[in-house]
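Asks: Line order of the protein sequences matches chains A, B, C, D and E. Each residue of the first sequence is one higher than the one before, starting from 1 at the first, in my numbering. Each residue of the second sequence is one higher than the one before, starting from 1001 at the first, in my numbering. Each residue of the third sequence is one higher than the one before, starting from 2001 at the first, in my numbering. Each residue of the fourth sequence is one higher than the one before, starting from 3001 at the first, in my numbering. Each residue of the fifth sequence is one higher than the one before, starting from 4001 at the first, in my numbering.
Do not take every clue at face value.
As the list claims (entries may be wrong) - Computed cross-link-like contacts, DMTMM-like style, restricted to lysine to aspartate or glutamate with a CA-CA straight-line distance of at most 25 Å:
#: 1; chain 1: E; residue 1: 4086; chain 2: C; residue 2: 2101
#: 2; chain 1: B; residue 1: 1634; chain 2: C; residue 2: 2003
#: 3; chain 1: C; residue 1: 2059; chain 2: A; residue 2: 185
#: 4; chain 1: E; residue 1: 4086; chain 2: C; residue 2: 2100
#: 5; chain 1: C; residue 1: 2103; chain 2: A; residue 2: 349
#: 6; chain 1: E; residue 1: 4116; chain 2: C; residue 2: 2003
#: 7; chain 1: B; residue 1: 1640; chain 2: C; residue 2: 2101
#: 8; chain 1: A; residue 1: 146; chain 2: C; residue 2: 2101
#: 9; chain 1: A; residue 1: 253; chain 2: E; residue 2: 4138
#: 10; chain 1: A; residue 1: 439; chain 2: A; residue 2: 91
#: 11; chain 1: C; residue 1: 2059; chain 2: A; residue 2: 191
#: 12; chain 1: D; residue 1: 3366; chain 2: D; residue 2: 3297
#: 13; chain 1: A; residue 1: 94; chain 2: A; residue 2: 430
#: 14; chain 1: D; residue 1: 3107; chain 2: A; residue 2: 423
#: 15; chain 1: D; residue 1: 3296; chain 2: B; residue 2: 1616
#: 16; chain 1: A; residue 1: 147; chain 2: C; residue 2: 2003
#: 17; chain 1: B; residue 1: 1561; chain 2: B; residue 2: 1405
#: 18; chain 1: D; residue 1: 3296; chain 2: D; residue 2: 3448
#: 19; chain 1: D; residue 1: 3190; chain 2: D; residue 2: 3297
#: 20; chain 1: A; residue 1: 146; chain 2: A; residue 2: 91
#: 21; chain 1: A; residue 1: 424; chain 2: D; residue 2: 3159
#: 22; chain 1: A; residue 1: 424; chain 2: D; residue 2: 3351
#: 23; chain 1: E; residue 1: 4086; chain 2: C; residue 2: 2095
#: 24; chain 1: D; residue 1: 3190; chain 2: A; residue 2: 191
#: 25; chain 1: C; residue 1: 2053; chain 2: A; residue 2: 185
#: 26; chain 1: B; residue 1: 1482; chain 2: B; residue 2: 1405
#: 27; chain 1: B; residue 1: 1640; chain 2: C; residue 2: 2095
#: 28; chain 1: D; residue 1: 3366; chain 2: B; residue 2: 1405
#: 29; chain 1: C; residue 1: 2059; chain 2: E; residue 2: 4052
#: 30; chain 1: D; residue 1: 3454; chain 2: D; residue 2: 3268
#: 31; chain 1: C; residue 1: 2053; chain 2: A; residue 2: 191
#: 32; chain 1: D; residue 1: 3157; chain 2: A; residue 2: 423
#: 33; chain 1: D; residue 1: 3454; chain 2: B; residue 2: 1137
#: 34; chain 1: E; residue 1: 4088; chain 2: C; residue 2: 2101
Keep in mind that the hints were calculated from the coordinates and are not lab data.
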Amino acid sequence: MLNDFLILMKSELVITFIIFLLLFIKVGKGMKNESLLSLLQFLLLANFIAGFFFNETGSLFGGLFTTNALIAFQKSILSLGVYLISLLFADWLKKSEHMPEFFILMLSALLGMFFMISSGSLLMFFLSLELSTIPVAAMTNFDLEKKISSEASMKMILSSAFSSGILLFGISLMYGATGTISFAEMPAMLDGSPLQILAFIFLFTAFAFKLSIVPFHLWTADVYEGAPIAVSSFLSVISKGSIAFILLTALYKVFAPMHELWYNMVVLLSIATMIIGNLFALRQQNIKRFLAYSSIAQVGFILVGISGNSIAGTSSVVYFVLIYVFSNLAAFGVAGAISQQTGKERINDYKGLYQTNPFISWVLALALFSLAGIPPTAGFFGKLFLITAGASNGNYFFITVAALNLIVSLYYYLRVIRAVFMDKNEQPIEKINLHPSTKLGMIICGAGIVLVGLLSWVYDYITALTM
Amino acid sequence: MNDFLQIPMLQVLPFGKDIGWALLLIPLLPLAGFLLLGLFGRKHIKNSSGIIGTSLLLVSTVLSLYTAYGYFFEYGKVNGVYQKLIPLQYTWLQFSPGLSIDMGIILDPISVMMLVVVSFISLMVHIYSLAYMKGEDRFPTYYAFLGLFTFSMLGLVMASNIFQMYIFWELVGISSFLLIGYYYDRPSAVAACKKAFIVTRFADLGFLIGILILSFYAGTLDFNTLIQRLTSSSAPEFQTAVASSFLGVSALTWALVLVFIGGAGKSAMFPLHVWLPDAMEGPTPVSALIHAATMVVAGVFLVARLFPVFSMSPPALQVVSYVGVISALFAAVIACTQTDIKRVLAYSTISQIGFMMFSLGVSGSGGENGLGFTASMFHLFTHAMFKALLFLGAGAVIHFIHSNEMKDMGGLRKYLPITHITFLIACLAISGVPPFAGFFSKEEILLAAYHHNAIIYWIALITSGLTAFYMFRLYFSIFWNKEAPSPLERAGGEVHGEGGFAMMMPLVLLAVGAAVAGFIPFGNFVSSDGKLLESAFHLQFSIAPVALGLAGIFAAMWLYKKQNNKPDAIAASLNGFYKAAYHKFYMDELYLFITKKILFNLIGRPAAWFDKNVVDGMVNMTGNTTQAISEKIKGFQSGKVQQYAIYFLAGVIGLAVLFIYIWK
Amino acid sequence: MMEPGLYHLLFISAALFFIGVYGFFTRRNLITMLMSVELVLNSVNLNFIAFNKYLWPNKLDGLFFSIFVIAIAAAEAAVAIAIIINLYRSHHSIDVENAEEMKF
Amino acid sequence: MNLTLLILLPLLTAVVILLMRNAEQVKWTALIGSTLQFVLAFVLLFAFRNERAGGNEAQMLFELQYNWFPAWHISFHLGVDGISVAMVLLTAFVVIAGVLVSWNVTKMTKEFYFLLILLSLGAYGFFISLDLFILFFFLEIAVIPKYLLIGIWGSGKKEYAANKLALMLMGGSALVLVGLLGVYFGGPEKTFDLLTLSRGHIPVQVQKICFPLLFVGFGVFTALFPFHTWVPDGHSSAPTAGSMFLAGISMKLGGYGCLRVATYIMPDEAKEYATIIIVLSTIAILYGAFATMMQKDLKYINAYSSVSHCGFVLLGIGMLTKTAMTGAVMQMVSHGLMTALFFAVIGMIYERTHTRQVNEMGGLMKVMPFITTVLFIVGLCSLGLPGLSGFVAEMTVFIGSWQHPDPFHRIATIAACISIVVTAVYILRAIGQTAMGPIKEGYNNLSDAKWNEKLAAVILIAGIIAIGVAPFWLNDLISPAAEIIMHKVAGK
Amino acid sequence: MSGSTIIFYMLAALTLVSGALAVTTRQIFRAAIFLLFSLIGIAGLYFWMQYEFIAAVQIVVYVGGITVLIIFSIFLTQQAGELLPKEKIGRQVFSALAAFCGFALTMLQLYQHSFKQTTDQPIAPSVSNIGNQMLGVEDNGFALPFEVVSILLLAAMIGCIVIALRSKPATA
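Start from the sequences and build out the full structure, keeping to the hints where you can.
Replies: Take a look at the structure:
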């Protein structure tokens, strides 16, 4: 039992351990930010690596917690994301007064996500969802001096409270209609009655809210813009990824009997999400806001993959999230580095960036190309597999819409590329001094963007896990 | 790896005498000249380039004569019939089994005859140009182009495959373009060369489509097979070609008429003749070569080459004969009014080619009926001599006087004696005065026309009278008329002679040709069926044409021998007609109208506009619409968290209603 | 009147839920918005307990769920209030319409 | 002959370029790299012919296959037939010439050459891949370098043009993507493998949807009317080498795709849609030609004429006869070489005169005989002069097109034929105004071509003449491959 | 009509009326008090259903905790007696409409649904049962959620501290 407990919950335990370690450090003498950061980076890396060992299938606490190799891998992806965040935003973190608290909150949120991915009942799901949200809402306010940071934080907490209300209402109806909150027992009780549909929709919108699916996405851009970039990137990558993972479980396993319903819904929302995300991204000037909308559009693509309802769907989504971690974090990393040193966040400020900062320009370009799905970057493969998975239903209209949206998205990614590489600027952003670990983070991201796609065994590995 | 480097072996057909390689040298030597002078001429061998080109061509000419001798007198005739021999042939481009473009050499009476004409005239022009073009900046280029032209023309006449002919046909066109545009810094030359190329290109379109039709029905591009299949009325190919029709005209006729359009373009038949007078912008020897003796008769040659097929389609032949005769008359009328001596010659060329053309048109196939064919070829041969001579003579005049205009000339017989004599011979020849060459060939043509079609005969007769008139108008205007101004005044102290040996030798040689070529028993060699054709000479028949010719000459003498105002008076009395003829019956204006107003304004401009505004506009509109929508819907992101929540709930309710009630 | 039962409780809960939602939509004061959320959460709890009691009394899932919801509500309220106070410090107002800097 | 070399060599070159320190090193690396490509392409040609001569009748030679994404049945499957070899050769020609004419690029030299080489990588990969997925992969690889080339090194409305190009091409490839997925899921078995797909039979209702998607998608690349509008802007704004690659290689990707993918694996609908294809391509041919007539800018002239010429490619494909198809491929090769050369010449002229407006030039023959000679040659090739490649290709298309006896095909063919006259008109106008006529003031001291420009021109002219004078080797290369496609179309 | 029924309706009325007033009154303190009443009404309903434990928790956490927290924050942020700004009438109508639609839709589904029911032996919601399950790790044990919530509370606390106790810039 104890062995099981230690092995099956190892990731959660490691994270809890780090949280408490941080607490002790904070409460105790404290450490210099710089060395604490290095320590944390090391620990997070260790956590990431540890994620690949001793992955067994099993469940604990009477089915409330389940895990298997795929879930472990999903957790590894999230750990990787957090590790990269700790690298990329080293500058900002180092200067932050509240770095230990930041990490405590971030790791709590991560822990919440771990529990969420592993959850075996709606209760666990709900609790871990909140665990992964509330600390982030607090983190959003970590730029304490900035008005927009508070505003973002307020919008986030109120929106998410509202969505929690909706979610809970849905759960309660679902509970009433099925008599269970356990994932394992639920499918048997689903009969597709209108009340269940209603409950499902209430429930689903909570996912939709977290994933920023249109029309539940409206908080996203404001929050991303106001939050510190580290938090925005956490929200856009890790939060999203974890929800996508649990959504896969929820739709494919728990709500499998309602497949037809959710398929239509996913298709509808996916189209709306891609289109609206793209349309809004077109006219953004602030890079963070821009990335927010782009991430909304990306979610539309994730939904395309999800609509596949197959093993391929799962593996494509996981694969895409992995790529998305690299790509989006690289983009946020560049935006963060620039914003940290110059305070410039507008795309127009990026004009002529290539003249002064070729390295980060290339990183940004790679990231954006990957987001746009341009080969040979991994994003190409990610998107393609999502679309392929989605195409398995033979819904040509849907696939065509998705493919055409790729063009629109390309347009605005190219806008940034154009500013960076082509436009002239009298006063381009001066040379940015990158923190070594930021640079390391960017290199890792860049390598990830290039290699994850070309090395097909990554995808094979994920497929093997999915089987 | 070896097989790649090997050109597919030349297929040398079993043939009594292996002259294949020698034959191959005939066109390849001028080509070698072109490459040599074109690539290295400007830098390394500038001064000797003329000599190089000329000597290469000399070899070529000797080989041609050798071939002609061999063909006509040694091996060409089997059982009294001249054979079509194909000593060389290899597959150049295989489309499908049976349908391929082959590069080959065909030897038959007309190709051998043309071989001689082309190489000989070309050699004359080469030699002549040594002096005439001396000192030109682009002297090597000139010879390179001449080489290219000769190569193309030789390739054309020896073509064994209709597509091969088309290929060389185009090459001839382009070399003509290059030569006309030789003085590229003169806007008029540029315009002329463009015009020449485009008009002939337009005609070639017909040729091409004609080839396509023929190839489809005959299933081959090879001349021999094609003719074989389309002339035997029992062959299935022939039957389908005749049976299938479009707009009530059989496919065969369509094909032939289209091919003829190609020929008419190159041969400057009405109404595609407009390029030829302008083409006189080229150097004069070039005009002699291309626009008198060789290239322009390519159309005639084409019809002759396909004559067996043409003879299967009377409508096509009718078209040929009427176009020919109309061109002959039309050009002759214009020639009477022109004042630029080269233009007069140009129109005269059109007129003479019209003779050849209608002669073909009125001919039948085989035996006595084939008189028109023989006559046409004969006239082609003689015309090459005297027209080249006329042009070269005109060149000498222009060389001397530095002007093309008649009004600048007069009385030159004193200064240019040799030119004068040779020019006179040529004029007599073209006017059909016995015993010069033109007399014989023209008589045969008129005879053929007489037997076949009265209208054509009478028009031809009148035209031949006109020919004599305008030629002598030219002759008298140049060499007699007013007294020549002192050459010292004209050339600013520098006196040109007649141009020396290089210029005079060709004149003399050609004059000899123009004088005696008529005595060649042409029917012995060239006839529509390869058999011997005895051309009977009917004295009584010759009376009318000769008389008319002499009348023309005397009229010209009366009007132009001395300077007087009779011509002006006549011109004034003919007012409108004269003006129209002087303006070439406004053909150029018509073309200009078609191209500028219709082609450019009604098609080109709308196409460009459509592209810029509609097609491009659609693309831009897509982009702009997207942007506009994006701008329109920005209000949803109002920044108000409560509104977000309302949309949230609305989304929930909307989805619920949709999936519970509507989309079950 | 009818004997009160499941449906009555569901009615109360649903009504309370949408009253809370209405409040959330219309209240401009951030704290009152928060209060509306509390109403929403309470209505949910009521649902859970009612279902648990009338339909599925064999297990205590509903009960436990509502206990945890209460705990979450507390945590959420705490963080929300902290954020609101912080916002008040920077904006000197807790009117939601004064915090609309980021939009479009 | 290992086909991966064709991909690895450009890749290696690109990497080495990135490591170089100064512009000189970069240039020489690129030149050496492209020369090696050139050599490699010829080695491929010889090896191919040797194999064929040795009696190897396999459809594709030098096949190799690695499993790439087994979950999606994607394999890195390479192989060549005659058509691919021809296209590889074309690419090699254009690449080396493009590298040479760009010798004077001073702005961001390293990036410039890097992108050029990357483009060539995409093209090679595209032409030799036998798996539709990697084909698509390489198709898209080639888009972004173009965007950057135009956007950074271009001139005029470069941003607009670059955007338009990238978006339209991506739009095309989006359609291709959907079509490919339709084939994948709707086909007899789930596979992207071209040969497997061609052996099986794709249900007609799938073809009905996928064929137009694929054809139009690829058609955008090859300027299918009315999706050609990126061509004029893109070409005219691109730097010289960019235009050369764009017109010389990139537009061929589409034609190749239409033929190899759309027509080959979906022959039933190819027949159904042939009418539309023919109509559209005939319109493109004529309309492109007439629109060219009104252009004043040399690059626009060539760009619109490319629309017209690429129409022949599609016409040849749409005619569905072996000869026409052979002609289409020949036209791709020929037009690739010719248009690359044309752009190279325009670039050379522009570098000296600083204008591309034909009416601002005149008499350039006097000061730059070499360049104008090249201009003549390329112009003549464009208007289909025998002895140069354009003639051979167009005539093959005509002959092939004419093999249908019905009036519709006939009329289309005749209409296409008309373009040769219009082509003559605009080409001669352009040449007449630039090279001929009295020389304009200020142009008297311009210099003629330098070694690199001469070399580039000579290489391309060699290709043009090699095809024009001896088309049989190209024909021998292409027509067996076209025959296989036609067999499939004929349902044998 | 039994006493229990009367009590039920009274509690229901208390809950809904004070809930409604809590979201409409323009005096913020009154709103808080009405909220309090509403919450108490819900606690009463729990009692009425004989779920005493949860009723107790409700009173302790909500009435004793959250409402107090809210009132404190009102003190911190609001001048007493100040009226809340008026909401826009359009927004009100629209919100009411949306809420009513949602309500109608929900009620429609609820009433049309024929709920299934368990036939198993009920478990009494007694404190001992609750306690056992709360810390149980086997089936029906809620130890894990309990831990999760505790971490959440910890994190929330830390978050609150950082945000609410923000130090003035540049002070140690």
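Asks: Are the hints correct? Go through all of them and say.
Replies: Results for each hint:
Restraint check: the Cα-Cα separation between residue 4086(E) and residue 2101(C) comes to about 21 Å, which is no more than 25 Å; the hinted pair holds. Between residue 1634(B) and residue 2003(C) the CA atoms are separated by roughly 52 Å; this puts the pair beyond 25 Å, and the hint is violated. Under the criterion of a C-alpha separation no larger than 25 Å, the hint pairing residue 2059(C) with residue 185(A) is consistent with the structure, at around 13 Å. Proximity of residue 4086(E) to residue 2100(C) is assessed by CA-CA distance (about 18 Å); at most 25 Å being required, the pair is judged to hold.
In summary, the hint linking residue 2103(C) to residue 349(A) is supported, as the alpha carbons are separated by about 20 Å, within the 25 Å threshold. Between residue 4116(E) and residue 2003(C) the alpha-carbon distance is near 20 Å, which keeps this suggested pair within the 25 Å criterion. The straight-line distance between the Cα atoms of residue 1640(B) and residue 2101(C) is roughly 9 Å, inside the 25 Å bound, and the hint therefore holds. Note on residue 146(A) and residue 2101(C): the hinted pairing holds, with a Cα-Cα distance of about 12 Å set against a maximum of 25 Å.
Restraint check for residue 253(A) and residue 4138(E): satisfied, since their Cα atoms lie roughly 23 Å apart, inside the 25 Å limit. Between the alpha carbons of residue 439(A) and residue 91(A) the distance comes to roughly 11 Å, so the proposed pair stays at or under 25 Å and holds. In summary, the hint linking residue 2059(C) to residue 191(A) is supported, as the alpha carbons are separated by about 21 Å, within the 25 Å threshold. Our distance criterion of 25 Å between C-alpha atoms is met by residue 3366(D) and residue 3297(D), whose separation comes to about 21 Å.
The hinted pair formed by residue 94(A) and residue 430(A) meets the criterion: a straight-line CA distance of about 22 Å does not exceed 25 Å. With a CA separation close to 14 Å, the supplied pair residue 3107(D) and residue 423(A) stays within the 25 Å bound. Distance hint between residue 3296(D) and residue 1616(B) is fulfilled; the C-alpha atoms sit about 18 Å from each other, no more than 25 Å. Distance check on the hinted pair: residue 147(A) and residue 2003(C) sit about 54 Å apart at the alpha-carbon level, beyond 25 Å; violated.
For a cut-off of 25 Å, the pair hint linking residue 1561(B) to residue 1405(B) stands: about 17 Å separates their Cα positions. The suggested pairing of residue 3296(D) with residue 3448(D) holds, with an alpha-carbon distance near 23 Å, which does not exceed 25 Å. For the hint linking residue 3190(D) to residue 3297(D), the alpha-carbon distance of about 49 Å lies beyond 25 Å, and the restraint is violated. Proximity of residue 146(A) to residue 91(A) is assessed by CA-CA distance (about 18 Å); at most 25 Å being required, the pair is judged to hold.
At most 25 Å may separate the alpha-carbon atoms for a hinted pair to count; residue 424(A) and residue 3159(D) meet this at roughly 12 Å. Taking the CA atoms of residue 424(A) and residue 3351(D), the gap is about 22 Å. The hint holds against a cut of 25 Å. Proposed proximity of residue 4086(E) and residue 2095(C) is supported: the alpha carbons are some 11 Å apart, at most 25 Å. Pair hint residue 3190(D) plus residue 191(A) does not hold up; C-alpha atoms about 34 Å apart against a cutoff of 25 Å.
A threshold of 25 Å between alpha carbons decides the hint, and for residue 2053(C) with residue 185(A) the separation of about 20 Å falls inside it, so the pair holds. Only pairs whose Cα atoms come within 25 Å are accepted, and residue 1482(B) paired with residue 1405(B) is accepted, the gap being roughly 14 Å. This hinted pair checks out: residue 1640(B) and residue 2095(C) have alpha carbons roughly 11 Å apart, not beyond 25 Å. Distance restraint check for residue 3366(D) and residue 1405(B): the Cα-Cα separation of roughly 29 Å exceeds the 25 Å cut-off, and the hinted pair is therefore not satisfied.
With a CA separation close to 16 Å, the supplied pair residue 2059(C) and residue 4052(E) stays within the 25 Å bound. Only pairs whose Cα atoms come within 25 Å are accepted, and residue 3454(D) paired with residue 3268(D) is rejected, the gap being roughly 48 Å. Of the pairs offered as hints, the one joining residue 2053(C) and residue 191(A) holds, with about 22 Å between alpha carbons and a cut-off of 25 Å not exceeded. Distance restraint check for residue 3157(D) and residue 423(A): the Cα-Cα separation of roughly 12 Å lies within the 25 Å cut-off, and the hinted pair is therefore satisfied.
Proposed proximity of residue 3454(D) and residue 1137(B) is supported: the alpha carbons are some 23 Å apart, at most 25 Å. For the given pair, residue 4088(E) sits about 20 Å from residue 2101(C) by alpha-carbon distance, which is consistent with the 25 Å threshold.
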